[in-house]
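Join these two chains into a complex; the hints should help.
The chain contents come next:
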Amino acid sequence: MTSTSQDKDLQGLSRLGDGSRHDRLHLRLILQIGLRCLHLLRPVRRHVLLLFAGFSGLSLLLLPIGLLFVDTLWTRVLQGNPMLEIEAWFFRVPIEAATSSAGFDAELRREVAEKLILWSVLLSALLAPPFIGLYYYQIWILQRVNQKLRVDLLSHFQSLSLRFHAEVAVGDAVYRLTQDSAMVTQLVQVLILTPFTAIPQFLYSVVIIGLFAPMLGLVLLGVLVPSLALGWWFSQRMRTRFRSARETNAALTGRIQETLAGIKVIKAYGAEPIEQAAFEGASHRAFATAFQARNLYAVFGMTMFWTFGSFALFITALGTIEVMKKTELAATALGFTLWNLGLYNYFKARLGGSVESLKDLFRTWGRAQDIAIGLDRVFEVMDHEPEILDDPDAIALSGVQREISFQNVSFRYRTDRPVFEGVNLSAQIGTITAIVGPTGSGKSTLMALLLRLFDPSSGRVEIDGIDLKTIQTASLREHVSIALQENILFGNTIRENIRFAEPDASDSAIQEAARIAAADGFIEDLPGGYDTLLGERGSKLSTGQRQRLSIARAIIKDTPILILDEPTAALDAVTEQRVLQNLAEWGRNRAIFIITHRLSTVRRADQVAFLGGGTLAEIGSHEELMARSDGAYRALVEAEGGAAP
Amino acid sequence: MTTPSPHQENADLDSGQTLRVIGRALRFIEPFRGQFMVKVGLLLLSLLPMLMLPWPVKIIIDNVIEGHPIDEPIRPYPELVAPLLNALAAYSPSELLFVVIAFQTTLFILIGAFGTSGSEGETAESYLASGYDTASRTENEANAGFSLTGGLLGLFDFRWTMRLTQALNHHYRTRLFDRIQTLPMTAFDDERIGDAVYRVMYDTPSITDACYRMLLTPIAAPIHILLTVTILGALYGDHPSLVYSALAFLPIALLSSLPLAGAARRMSGRSRQAGATATATAEEGMSNILAVQSLGGEERQRDRYERDSWQSFSRYRDVFRIGIYTVLIAGLPSLAVGGYAYFVAIDGVIAGELSRGDFGLLITYFFQIMASSQMLGALWYRVQASAAGLNRVFFLMDLPGETDGPGGVELPILQQGVEVQNVEFRYPDGTPVLRDLSLKAHIGQMIALVGPAGAGKTTLAYLLPRFVSPQRGRVRIDGQDIASVRLGSLRDQIAFVFQETVLFDATIEENIRLGKSDASDAAVREAARRAGAAEFIEKLPQGYATPLGRAGGKLSVGQRQRLSLARALVRDARILILDEPTSALDPETEARFVATLRDLSQDRIVIIIAHRLSTVRTADEILFIEDGEIREQGSHEALLALPQGAYRNFVELQGGA
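In the order they appear, the protein sequences are chains A and B.
First residue of the first sequence: 0, per numbering that gives the first Met the number 0; consecutive thereafter.
First residue of the second sequence: 0, per numbering that gives the first Met the number 0; consecutive thereafter.
Looking at chain B on its own, in the form it has when it is part of the complex (with noise of 0.2 Å):
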């Protein structure tokens, strides 16, 4: 049984930590891989028309302000554009201005960009407003859509990319809560609901952004770069400075950001870490409402709320803070390469090698390159808020989690009865709780399991289904020990009744059904009707279909727990577990509902832990646990007939002798 807890998480990684976490992220992705190559050629495509669209800019500044006659160009073209430069050429300037128009008005429709001064564009994306922490920030990232280029193209790449991003996270997180489910039910403890919630919600979109930049940018950064550059090269193989200059920013950004990896990695991590917390202190607040308004307690749940909350603030603004040092420290060097490519720039045309439309053309390609290039150095660093979030989900996704035995045994219909044998059971930190512990129980018998609070009687009745494993001996059902059978197979046979009742937000008869998913109407009244259910359920205008609202909040304890126990009836089980299930019931109720228990346990095996005498006394045997270790064991008769007996001492004591 392992507890997850904060502080036994890694909350750091090392470099290498982080590169097999984001590895591990990129094969999630798996599933989807022909809807991704698909996404990689909309990508590729979409780098088109971004270097088509300085040539206009060009043109209008060349040859139609300045009118140079467009086959006679200070530079010549390659051979390659010549028929397109001759069809050109026989239009006047204010011809060849709306030939110009006409082309960018088709790119705009195509690719919602046109390039009056070469750059304005619209790209296809739905980033939606975002609050200023981690939590709110992720509903962009976990639906995110976006494209190179706008217009028809970028639509429909932006809506290819939001179907393949949500379809990977959806995936991720049905996997992840998939996970959840199989870990042992003592990992969670209801202080840590809003931990998961956190995790299920906000950390596990952070496989996009992981997934992308990992696998799109180094693809789509050096093709471009390339492609540019042997543009470039083409037209201004003569001042290859320029290039060399826009090459500068991949070092730049390389070297200003790497050693902040670790810090960006790390902030990320306490702002995902501080989020978590303000979420489980928000709904804890919130699942006990009732005790924080009956205990006055509205003033103290606030203070903690407003602590978090503004706790996860700060986080978030160390990781902005992070981003800016990064942006600051790469600043100079930056702003230093790209004054000297404008100045060299400036120099062509002033000496008459370059034209200005040149200058505007070579100044695009420029940021072009420099944007690819810094996407490129920064990619290490900008993947660690990912791996921050990606480490949080493979924490929970790596909880040993509960297994079927060894081959998956079906563990045939219990025909005789079940064996504890010498069964030691401790918590992790050591604390033991059953001792050596022995006991056996066959069809038709009712056994009671009585003894002070704290003596181990619901460890002991949660080995039966393996709710916890014993550290040493066995639990076996018709001799066959339950740790190598499969687990389903195993609790299909087994009814529990929980000491608190737990209800879920739907009707009545859907939770009762959930004890057999299958049971008929009648089965569903029948059971309602032996749990001293039904009796209240009809009087509710909507009987069996009233929805039971948040964790049965509208109903009192006691019709909850009987509610429990229908639940527990209707799924016929061959062995039945009771955990002080009667507490909260009236005494005539109880006496109604053991003498269902008797009946039921003719063909059965009941186990129940209970401290009322009305309940216990019916009891065929009764095992007095005390440290965990069976004190006395026998009839009600026969403990009583003990002289200082500890059974004894406990009728005495309860007023009824």
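Bound-form chain A, shown alone (with noise of 0.2 Å):
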């Protein structure tokens, strides 16, 4: 890796998280957001297209029947004014008398209110059904959107770099993966369902009084200007109120999981008051960003409502005077001429509807900045780019056949801090390696190499001559298995565990892979034997029966290339002995590589290499490094304790 990219990287580390994108989230990045998601959409696009069809036939049944059942009841029903033909129609009561003022007597007005409720009520009957079982289906469609973007962010997570992972607090992965990545169901509501819907219906109210007379559907679409400034006015403030209310909280979240992670510690050392007033103060600024971002969020929808209903107001006003006045309607139609009760009612239910859809669109776009803000987030993590990325013309490893060669290999954490330079280091298949050198001195980082979860600064790993960086990671990983230093076991049970990177190991290779480790004897020992669940007994495994869990798991991979870091720390002499004697006779034709400061280990292996100083110092057999008087492996024996055998 060149230090440009390193640096590039450790940029874009420094932006997580820390506001700096807010600067930059306008409008156009907020539909720039909603763009990108439109590729979530994209497997469900039939169901979404299906969801909308259905919510718009449905609601264009009702707008006309709307007008009808209103004007019936109030215009016709109660003020007792003749019915329209269509109406009488509808109703399925004598036309001739209902259109004329001597028939349409009391008795048919009951039997047209009779037939009116009875329609109401079963049309209630009848949609609510199907109103109900399609927001079901959105349901399902957005948790399925949102379950793509939570894997997908979850996969991306897991292929950052551990430089990366060291910089982001796990806590704040997690409420990137619940909270912020949830925003996305949201979405089909803000760019397609809220203005498919808001819209039309405040240009349908529009054009219905427009209809009835045209000055106050100018009026009505005049309430647009006022509300757009304010809108925008009102949405940069909320959105940094927004962020710093989401990261707060995703802060608290990398507070508790911190805590409990390191629960004894804090309790070895009484730091419990500590922590408590950690938690409490990052508990109330969460809280307290919260309150500064609802706050303003609902004083803007009051300011968009206070315009809304000015508007509203004076609208109903010249509306009232215009029904006063039984003004003649700027367009006839269906037999309506006048203005009358039963279309004044519908002209102010018509200007509610437009408030209601108004204050619909204002709101969601209110929440859309608070979407915006979580999906951005989201996406932050996303375009973070992978350091280790494969070559597109990668090829596969087929096997290790002959050696694995570090050559010139540098490694540098940051720029400024070198761990290692110009190490140079050959191990061939059918010999274990020994890597010994004082703490820090990049011995695992130069393990890691060789996994590939970093690139070296400079020089080259090669497996049978081939370059690394040109081999597929996925390919590479398949023929390098490893035994961590700390040993990380999984919520899962002993068997699960041993077969964490090989799902389909069978149990007759589990048991192998155990007996190789030592790990046989107090597996069958425990009342659950391999089905014991570590999650609720893990604590009860002491460190040096993780460790050779640990053990196992590398072995059943059964790879040519093997890393044991510090296999044996934490194990007795008598089981140490076992596992080596069992790894020795196992490891025939592989390569095994052992970070130890063991001495017992060190003696077995074929060449140790002593890294030290930054650089690997000396490298040779035992025999051949403890020969040289001023040796610093020589130092180290001896400082250990051990004299030559």
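Hints listed in this document are in silico derivations from the structure and should not be mistaken for laboratory results.
Note that the structure is predicted; figures quoted are calculated from it, not measured.
Ideal Cβ positions, reconstructed from N, Cα and C, are used throughout, including at glycine.
These stretches of chain A come out as covered by chain B in the derived footprint (C-beta under 8 Å, 3 or more residues):
(1) 474 to 484
(2) 589 to 601
Taking lysine-lysine pairs in the DSS-like style, the calculated list, with each CA pair at most 25 Å apart, reads:
(3) B:553 / B:538
(4) A:263 / B:553
(5) A:468 / B:553
Over the 12 Å line for every Cβ pair with chain B, so calculated as not near, a few chain A residues:
(6) 31
(7) 35
(8) 195
(9) 198
(10) 239
(11) 360
(12) 465
(13) 507
(14) 583
(15) 623
The structure is reproduced here in structure tokens:
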């Protein structure tokens, strides 16, 4: 890896979560975020179309029926005006009688009222299930979209380098996965459902009212001018606050996670009050920022409503005057010619509807700011390119025949802090290489290069003469297995932990791996045997037992290259010897690397590589290195207290 | 020692238990009694506008549009409003219109509502978008602010409510967190962290809903119903069927939701459980990213998360489905009642007993009573989801935590030594760990615990700081049984270094100072030097102020180990216990550190668990432990002299005879 790409990477890291992206988050970016999410809708696009068709079909059905029902109720049934032909036809009453003032008597009015109510009840009973069904369908669709985003995000997190993970709190990642990603479910609402229902509804109201009286329609349209201006002014401020609300909540999640992960030390050192104070502080900050954000959002809603309300009241007043004067309608249709009470109520219902749809639209717009911030936090991670990327023409590794070699390899975590430089090392198949050296000399890092958890800053790592960078990472890692220094086990059964990397491993393979790692004895002594759940009893296993499980997990992968990082540090001497003996037999045609301090382990190696002083200081067999009178390795052995055998 | 496990947890409650859980939650509002009473006042205040709202509609219809003189109504008004009617009677219809509009304008500025058709209004709230699983919906609950009205009153009410909600939630989750920290440390396996995060973050907000629903609805709904019924009775006493039919919604809501209350609670509980599992999977994978990447477990972790996350989503749909069933069950009877009420009102207008304005007024009030009756009727049903969340919180709170000894005696500074007398310790499942084990150590001694993995060395070491308590036997410090002392005074005297290093996302300096918060800079540096950490720390560009990042991920294991040693040394405690402290140290560093330990042990007790011969042999006394018993005891030389000795065998295998 070149230092420039490393710098870029680190800049990227510092960008995560510090809010520096919010400056760029304006309308265009919100739309971009929306567009980026559209591909998430691709797998469910048929469902979305179907859903949309369902909702609009039902709504379109209800709009004209609504006018008919309201007019029939108010103008005809309640006021006693003769019915229109279409109404009489719809409600199946004698048209002649119903459309004349004389024939439309109290009895007929009651009959129409009965039918009207019956129809309303019937329509509600019939239409409610499809509406609810569609809503349930919508939840299912959006959950699928959310699921895809979550899984994609998790995959991406997993593909990012350890360097990235060292910088990002676990709780923050959990928050992004759970809370931020959930915002995608609202995107359909924000981008499609609300605009596509609220805007037509508003325009429909404008047109209807315009047909009654063009002036009133124009005034209603005019409400958009102040609304948009206010919307613009508020949204920038809301975004800033929404972002800090999300960040402080993510920080709180991180705080809980970290405290629980470190509870042992906290207890041992009586640091509970400090942690409690820190938690209270984080919780307080989370609430305070949420208050700021939500309060502004509520004020925004209020201001918008005042705006709509003033217009609506003004228009109502004008409309009331029209109906008092019984003015002629601007456009006459369906037999409606004059303003009447039914039309007035419909006019008010439309006006109310337009206020509702605008309210809906602008509320959604306010929420969209928060949604965009949430999704922006998801994409912040998604945009983070993995350091280790396969070459487009990377090849698959097909076995390791001869050797692994490090050629003039240097590595630095930070541009100013080299770990080692100029390391040359080769290891043949069939040999054991012990890697020794002082703490912090880069032993584990050297091995991480072999797994391509990092790339060297300069130099090459090769397997059978092939540069690792030209090999597909997944295929490389299929050929290398590692038992980690920290014996990380997962909350699952012992069986599942052993076959973590090899899910298809048979029971006999699991038992064989456990035998080689000298873990079979204690596993079989457990009441649950291989099915013992570590979630419940993880703490019951001693470190030495965990260590052996972690060795078994590496062995079961059956790879030509095996790395053991301090495999025996927590093992007692008897077990250590058994494990080493088994490994030596098992590893005859493999290359094994062992990082260790223990002399008894080192001595079993074919070659010893001593890392120290920022480079590979000495290499050779135990005897050769011991023969160097001022050798660093010799000094190390002597310090350990084991003279030559 | 109790290990919380999802399997022990009582996943469902019966009605009595639910009631107790809710009752217990309500007590958490106690510290905010004053604020809460103000909220009740605001709520009642905001009922008034609701009652006034339908009137402008009636006046506009009857007296403006239809032009009836306001002082000659079809139906007489109560005497009470006669002065108002007389005042309004002077206006012509169009003047009346402007009076009404002016009234409405005032209303909508003050309370954000105006009655163009009786009901449009703004209620102040700030519900933000949430997703479709239980966790992502809780943030709104934790910050719930709402009011029945909008406008200036609504805004004030909303802000007041949000402050109250947040204070309540803060109090509740802080208490839970505090409680979690007092749980025995053995209660928290790594695998349970995600679950605990879920409970603190996403289960605690259930308290909001439980408190508001249980405390506000029974006050506000009956008062609202009562007031409305009174008004209706005064005006339309001859049409009582309207009121009765509105009240019919109460039994409908009750009957339709009661059978499903249990299901609602169970589904909510399961949804939370599934969400917690998904959170735990994500947390575990992120925490152990090194293992996932180096073992090639990405696909497996992704599949696992995919499964758990989808499970959480489907469980949420179950919750939602229960809601649908109640709506559907209640639907038809509600529609029938509503239709009947409409018909009664229409009939009244046709018969000339009611004006068109009365009709609008009646219908509006009818819907208001309906809403309140439904709210009251479905109260028990609606509170179930909260009960499920509260139950999960109380489960953690109720786990037996660590307690101070009876009387909480202060343990004086150690003068002589510690004594372990015939202790026996078993895991909860009965597996014996320590069997009748005794040992003594006095100041100036360095004791090494040696033996095979799983022999009980760590458990023995855990006895001293009371991380675990023996089922039988005693641990005494200067003759004082530690079971009877204040825990803090005991742990203050012990510095414990764990096998797995734990570092926090803070600076190096802060991590070391965790051992002793008031340690001077010089003391921190001295401890780092003695732990062999000073060298690498000083090479870092930011030195002691270097932020460690998550779990010290930027340091090598050996460097981390040295930091945790420094943390123990800075504590300057009388008892120093080290569990495999040097496994990742190179021999040179180790040798220097062991010399430091020797030096320290002059006026302290040092207990060290180790496999490394170079560490072990410097101890004054070596205890060889196997199967929970002390097999051999003595100095390095004395034990080596035992032919066929277990220790001797151990030494020989390490290659250092």
